[in-house]
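**Q** Given next are the chains, with one letter for each unit.
Number of protein chains: 2
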Amino acid sequence: MNTNRQWLLSKRPQGIVGKDNFEYTETPIPAPEEGQVLVRNLFLSFDPTQRGWMEDRESYLPPVGLGDPMRAGSIGQVADSMHPDFAKGDIVQTTGGWQDFTLSSPNVGPMGLTKVPEGIPPEMMLSVLGVTGLTAYFGLLDLGEPKEGETVLVSGAAGATGSVAGQIAKLKGCRVVGIAGGPEKCKWLVEEAGFDDAIDYKSEDVNARIGETCPNKVDVFFDNVGGDILEAALNHINLKARVVLCGGISGYNATAPIPGPSNIMNLVIMRARMEGFIVIDYMPRAGEAIADMMGWIQAGQLKYQVDMQEGFDNIPDTLNRLFTGKNIGKQLLKIADPS
Amino acid sequence: MNTNRQWLLSKRPQGIVGKDNFEYTETPIPAPEEGQVLVRNLFLSFDPTQRGWMEDRESYLPPVGLGDPMRAGSIGQVADSMHPDFAKGDIVQTTGGWQDFTLSSPNVGPMGLTKVPEGIPPEMMLSVLGVTGLTAYFGLLDLGEPKEGETVLVSGAAGATGSVAGQIAKLKGCRVVGIAGGPEKCKWLVEEAGFDDAIDYKSEDVNARIGETCPNKVDVFFDNVGGDILEAALNHINLKARVVLCGGISGYNATAPIPGPSNIMNLVIMRARMEGFIVIDYMPRAGEAIADMMGWIQAGQLKYQVDMQEGFDNIPDTLNRLFTGKNIGKQLLKIADPS
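In the order they appear, the protein sequences are chains A and B.
Note that this note's numbering has the first sequence beginning at 1, numbered continuously upward.
Note that this note's numbering has the second sequence beginning at 340, numbered continuously upward.
Excised from the complex, chain A in its bound form:
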């Protein structure tokens, strides 16, 4: 392989993202300078938040520039190193983007460059032990503060983050109800992930079903969806409830601003709070989360699912699986095998 295949962001999206927002190109493989590492990407991570990175607006990270490779988390292998801590062949995690090769170094980009510990498979490092798992861990525990016996409601519950958040809430002794799309996802939540109940937003009245499945009201709502589902949940919050705003995928492809919930005043009546967070802020504490989660996984108490697609050509379409609800669990795509 002599070229670096890339998918560049060529047009900012209006509404749903399509292949026409990206342009395929091939460029020379870059050479690392002093302190840099050349990483060959093996697995790409797909996350709803990438949709926001495509917009030309201020956010927690700068927008991806037009003509730049689309930003994405990745696991790769060191192909060439000019950094003393990394050697050719090392398996590493970085923000490799939609391309075969990327130049990286430990202090550059939102995730820097870190070695993947021996024995941890890449799909685990990019899911339950990666950004999505850490998001669930810190969002639920730090913002949600679930207490034994409380009720925790999770939207996007079959997703990579929601499914982990709900299972951690179970481990903390809570009643846990998940909202997901379709019978297959709901079945997995109850039968595999151990949720107490599941609500299929595609076929059920979410507001009524929250009332039925959360008879003691909702103490923690871990929200990945926003929109109508956030409004329905706010109808059922308990006194001193915590609404953890993790994401709002229902609005990410909107072409015009979507009104917020009309019942925000319930936060006043119930003395409740709604709080947002970005997992990047918690990276200095990643170790404690990974240690806890590794223990739960080894004890069989924390299940996760990976939806692994393949092929460089399929990169743009794979992003849309998140927004059409096709993925079950963490969406990844493999572009190469390690050498």
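Since the hints were derived computationally from the structure, they do not count as laboratory data.
What follows is a list of derived Cβ distance ranges for each label pair:
| no. | chain 1 | residue 1 | chain 2 | residue 2 | range |
| --- | --- | --- | --- | --- | --- |
| 1 | B | 619 | A | 303 | 40 to 48 Å |
| 2 | A | 287 | B | 445 | 49 to 57 Å |
| 3 | A | 203 | B | 366 | 53 to 61 Å |
| 4 | A | 235 | B | 350 | 23 to 31 Å |
| 5 | A | 235 | B | 627 | 28 to 36 Å |
What you are looking at is a predicted structure, and each value in this text was computed from that prediction instead of being measured.
Using N, Cα and C, we set each Cβ at its ideal position, and we do this for glycine too.
Knowing the structure of chain A, use the given hints to seat chain B on it.
**A** Below, chain B without anything else, positioned relative to chain A:
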């Protein structure tokens, strides 16, 4: 005086409240039983939250029953006492309602029955040292957690609660900007209450003016209004901002649910929180607030305004002054002089 004049809630409101929601009646003056006190109301408090009490829905207090006197905070004088701690002639605070006489006792109703300390005028007890002042104190300090040098934005800033919240923020060393309706209120905020700047929502572009007057963004937004003003403020929140939801007067007379802000996701991007509270929860800590505020008033550091109406017949119309923005400062109405 041999009869007890009353304004009863006769019809639940649709939209703006009118005289036709109430019915005037005269009933015999009740006699206190063991443990009760007969209070003759002198001053009634008018508060936006009363609009919510008229609705037939669950809230932090039960709805006022149809055919019952409208609920209202009051200062009165003991006319007859069957309680050992209260003597005829004592000036007391209770939830007297829209009537001349009410039976009260220390542990009944949202505010119970307490003696007004000697030397404190009733209009001070029902405003800056009363529920509205305590709301400002605990909402700003406990939920807002303002730090020296931060920027605090207040909506409904010329109101009884907003004006106190803003002044406390100034005392804590913050830059304080108020949003109010009309040049007279804005002038008072800057020239008398010591706000750094004021935005007239009736004649100015609130979103643009927040940007201009809060160049370091908004660390604390103390919101009494909701609706478009909440949405405008959310556009300008700083990292780790605290949005204190005190009230949402813009929606209290709505006949259909009003959409919430479309930019709630800014709470995620800015790692910010939005939290509601009810001052009743803080009553056990009222002493510390009153001590602080009394000190600030005596030092000339805390100004307050009272809009005093008069006359029993004017009670229903006086409530509407809050919703049409006619009042400057705390809305009260005097129905009798102490004997």
